[in-house]
Structure formats: structure tokens, C-alpha cells
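Based on the provided sequences and hints, a complete structural model is requested.
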Amino acid sequence: MAKLKLAIYWAAGCGGCDVAILDTNEGLLKIAEIADIVLWPVATDHKYEEIEKMADGAIDICLINGGVRNSENEHMTKLLRAKSKIVVAMGACAHQGGIPGLANLFTKETVLNRAYRETPSTENPDGILPVQRFSAQEGELIIPEFYNTVLPTAAVVDVDYFMPGCPPAIHQVAAVVDIIAKGDLPPKGAVIGASDKTLCDECTRPKEDRKVKKFYRPHEIIFDNQKCFLDQGIICLGPATRGGCGNRCTVKSNMPCRGCYGPAPKVHDQGTKFLSALASVIDSNDPAEINSIVSQIADPVGTFYRFGLAASYLRRKRSNEKN
Amino acid sequence: MKKISIDPITRLEGHGKIEIFLNDAGDVENVYFQVPELRGFEKFCEGRPVEEIPRIVTRVCGV
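For the protein sequence lines, the chains are A and B, in the order given.
First residue of the first sequence? That's 1 in the numbering used here, and the numbers climb one at a time after it.
First residue of the second sequence? That's 324 in the numbering used here, and the numbers climb one at a time after it.
Simulated from the structure, these hints should not be mistaken for laboratory data.
Each residue gets a CB set at the ideal place from its N, CA and C atoms; glycine is no exception.
Do not rely on the hints blindly, as some may be mistaken.
[Unchecked claim] Derived PhoX-like pairs: lysine-lysine, alpha-carbon spacing no greater than 25 Å straight-line: (1) A:Lys53 <-> B:Lys326; (2) A:Lys53 <-> A:Lys78; (3) A:Lys85 <-> A:Lys47; (4) A:Lys53 <-> B:Lys325.
[Said to hold, decoys possible] Distance windows between CB atoms, simulated: (5) B:Gly370 <-> A:His268: 19 to 27 Å; (6) B:Glu369 <-> A:Gln296: 19 to 27 Å; (7) A:His75 <-> B:Leu345: 21 to 29 Å; (8) A:Asn285 <-> B:Thr381: 37 to 45 Å; (9) B:Ile327 <-> A:Thr204: 53 to 61 Å; (10) B:Thr381 <-> A:Gln226: 23 to 31 Å; (11) A:Pro300 <-> B:Asn346: 55 to 63 Å; (12) B:Glu369 <-> A:Ile37: 37 to 45 Å; (13) B:Val386 <-> A:Pro186: 28 to 36 Å.
Put into C-alpha cells, the structure is as follows:
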């Protein structure tokens with residue numbers, strides 16, 4: 001079999017997905033056996049110009065991690081879509097916007113002001129903000145346009161497969177490399193490198209389906225290290241989240257789930273699914289009491305949509321700015 | 324004046340490009356290092372519970 005041409009790209013991500021690929025260790029030998037890498041900024045020295053020159057469809061598989069935060073992310077995502085037969089949105093940012101999508105709770109202007117003018121460690125007496133075009137003495141310098149709204153990959157291009165996780169679990173990266181090697185890919189649009197159960201279904205912490213009258217933050221409770229978090233009034237996104245991560249937070253790290261594997265199977269909006277799960281946990285039928293119980297939850301939007309705000313029904317805080 | 328662009332800078336975490344301007348003699352006149360990315364952790368960490376911050380800012384850089 002001819003070797004595949006493989007591109008791995010990061011848009012508005014953190015490099016954690018790239019490192020998840022590197023963390024397959026000897027699995028890299030398998031990648032090298034089946035594929036020639038044509039782009040992988042974290043590890044190889046290919047330039048954008050080389051991709052621009054390729055014929056459409058010249059790349060067999062492209063793994064894109066990182067969502068769309070600026071015009072360069074959008075351009076590269078569209079360019080790689082045109083040049084690739086198969087595009088995989090890899091990791092929570094490409095899949096759902098990820099952590100950077102939390103910026104959709106703010107506007108472009110407030111994000112830029114905070115980062116370049118207001119932080120205590122910033123010294124910028126003239127209050128200069130980045131400009132897209134700058135005329136230097138020697139010539140013009142151009143940086144990408146910073147968008148008002150973070151978008152998941154599928155909002156700008158047609159995506160063939162979604163591979164969730166922040167980052168995708170190593171055993172799942174290896175499993176995806178396997179199905180690529182065997183040419184055994186599922187129907188277009190499928191979620192790969194994950195399970196078809198919820199994280200709760202796969203969690204081994206005993207669950208008694210208890211009802212609660214209070215939600216706790218970590219400093220307010222000494223919790224049982226073995227039992228279900230939600231049973232104890234600790235917010236855990238397990239019921240609304242897709243499984244397959246190996247329960248690395250809930251079981252292996254004794255930490256409640258924050259939903260990085262995205263919505264559970266057959267669920268579009270993770271946050272509303274979690275609200276529905278939460279409703280069945282609350283031990284009250286009195287509207288006033290229910291109100292007082294849910295008001296104990298710190299930062300609902302930033303917790304229920306920790307990784308998925310940009311792909312959710314909410315998408316962003318209202319703003320009059322275009323994109 | 325001739326311009327050489329190195330785009331992207333590779334084998335590090337993050338996005339960067341370098342533009343090198345050469346004068347008529349072919350010598351380097353000036354070099355600009357540019358970071359064409361911002362995600363805005365400085366802003367969107369505001370409003371998040373303090374105990375959640377370690378699980379958020381670990382995504383500044385995953386390398």
C-alpha cells in the first residue's frame with residue numbers, strides 16, 4: 001500500500017493534542033510506517049507555502065486541533081480542508097471550541113484590553129493594541145484579524161470525523177491510528193476515539209442516585225474519595241459527557257469531570273443535558289428552595305460549558321460586533 | 324528591499340512568524356518576530372472559581 005500523506009495542524013489550541021500524538025511513544029513508528037508527514041508544526045519544519053502549492057485532495061488525512069480564533073486559523077482550516085481527502089477535528093478545541101471558547105463570554109474589545117492594557121504585569125503607557133496592518137520603515141507587516149467569536153472547526157469547514165478530548169487519551173489516539181492504518185474508518189460524521197456511552201456509565205465510583213440539598217465547592221466539604229461526586233453534591237459533568245477517556249479525572253485523579261469529551265452520544269448541547277441531569281439530583285419540589293439550592297453552584301456557564309461553549313446553543317454572550 | 328518570510332516558526336509551542344528585510348546590498352536591514360495568536364486567558368479566567376483555575380490554565384500550553 002502506498003504511504004498516506006498526513007498533515008497535523010494546530011489552530012487555536014495549545015499543542016496538547018500534538019503532544020498526545022507524541023505520547024503514543026512507539027506508536028509514532030507505526031505512524032511513520034503508514035504515513036509521510038507533510039505538515040506538523042510542532043515536530044517538522046514544513047511551511048504554509050508548501051501546502052498552498054499542493055493540488056486539492058493531495059493530503060490523505062488531516063488532523064486539525066484547535067478551533068478558529070482568528071483569520072489565520074480560518075484560512076489554514078479552509079486551506080487544509082481543500083487539500084485533504086479526510087479532515088478529523090481532533091481534541092476539544094476543534095470539536096467544541098474548547099477552553100479558548102470561554103472567551104465567547106466576553107467581546108473582542110474586552111479581551112484585547114485586558115491582555116494588552118489592564119493586566120498588572122503589562123507596561124503599555126500608550127495603550128497600544130495589536131493592529132492587523134503595520135507600516136514598518138522597511139515594509140508592511142500583517143498579522144491575522146482577531147475575531148470576536150471562537151468557532152469550532154465544523155463551523156467553518158465540512159468535518160469528516162470528530163475525535164474528542166482535552167487532550168484525547170493516548171490509548172484513543174493509538175486506536176485511531178489503528179483504524180486509519182487498516183482503512184477501517186466508520187461512516188462520515190462519526191465520533192472516533194471515544195465510546196458510545198456516557199462518562200457516568202463507565203465510572204467505577206459507586207453511585208447510589210442520592211438526592212442533594214446542597215452543592216459544595218471543594219473547600220466546603222471533606223468528600224468520600226470512593227463515591228460518586230454528584231451523590232455528594234459535587235458538580236461532575238459525567239452524566240452529560242461522552243465516555244472513552246478511561247475516567248482519567250473521576251477514577252484515576254479523584255477529580256470531578258469537566259466534560260472535555262463533549263456531549264454524550266445523541267446529545268447536541270452538553271450544558272442543557274447537564275441541567276436536565278442536575279434537576280433529577282435536587283432534593284426538593286419547592287421552587288423557592290430549588291432556586292436557593294441551584295444558586296449555590298459557582299459559575300454554571302463556565303462549568304457546564306467548560307469545553308463546549310463555542311459549539312453550544314448559547315455559543316456566545318450577546319454582542320453587536322460582527323464575528 | 325527584499326523580504327524573507329519564515330512562516331510558521333516550527334518545533335515550538337504556539338504560532339510565530341519571522342520577517343527579515345534585506346537592503347539593496349543583500350544585508351539584513353531589520354527583522355521582525357511576530358506572534359499572530361492570542362486566546363485571551365487573561366480575560367476569560369475572570370469569573371471562574373479559583374479552584375477551577377489550575378484545570379483551565381493548564382491549557383495555556385500543552386507541550
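key: Whether the CB-CB distance between Asn285 of chain A and Thr381 of chain B falls inside 37 to 45 Å   = Because 40 Å falls inside the window, the suggested range holds.
CB of Val386 of chain B to CB of Pro186 of chain A, is that within 28 to 36 Å? holds, 30 Å
Below or equal to 25 Å on CA atoms is what counts here, so check Lys53 of chain A against Lys325 of chain B.
At roughly 22 Å apart (the allowed maximum being 25 Å), Lys325 of chain B and Lys53 of chain A satisfy the hint.
key: Status of the given 21 to 29 Å range, CB of Leu345 of chain B versus CB of His75 of chain A   = Holds: the Cβ-Cβ distance is about 26 Å, inside 21 to 29 Å.
Open item on the list: Can you confirm whether the C-alpha distance between Lys85 of chain A and Lys47 of chain A stays at or below 25 Å?
Closed with: holds, 20 Å
| Distance restraint evaluation - Thr381 of chain B, Gln226 of chain A, Cβ atoms, bounds 23 to 31 Å | holds, 26 Å
- [ ] Compare the distance between the alpha carbons of Lys53 of chain A and Lys78 of chain A with 25 Å, and conclude whether the hinted pair is satisfied.
- [x] Roughly 14 Å between the alpha carbons, so the hint for Lys53 of chain A and Lys78 of chain A holds.
Practice prompt. Decide if the proposed pair is consistent with the structure: Lys53 of chain A and Lys326 of chain B, CA atoms, cutoff 25 Å inclusive.
Written response: holds, 20 Å
- Query: Are Glu369 of chain B and Gln296 of chain A spaced within 19 to 27 Å by their CB atoms?
  - Reply: holds, 21 Å
- Message: Tell me if the beta carbons of Ile327 of chain B and Thr204 of chain A are separated by a distance inside 53 to 61 Å.
- Response: Since Ile327 of chain B and Thr204 of chain A have Cβ atoms about 57 Å apart, the given range 53 to 61 Å holds.
(message) Assuming the hint says 37 to 45 Å, is it satisfied by the Cβ distance from Glu369 of chain B to Ile37 of chain A or not?
(response) holds, 39 Å
| query | In this structure, is the beta-carbon distance linking Gly370 of chain B and His268 of chain A contained in 19 to 27 Å? | reply | holds, 25 Å
When held up to the earlier numbered hints, the structure conflicts with none and fits them all.
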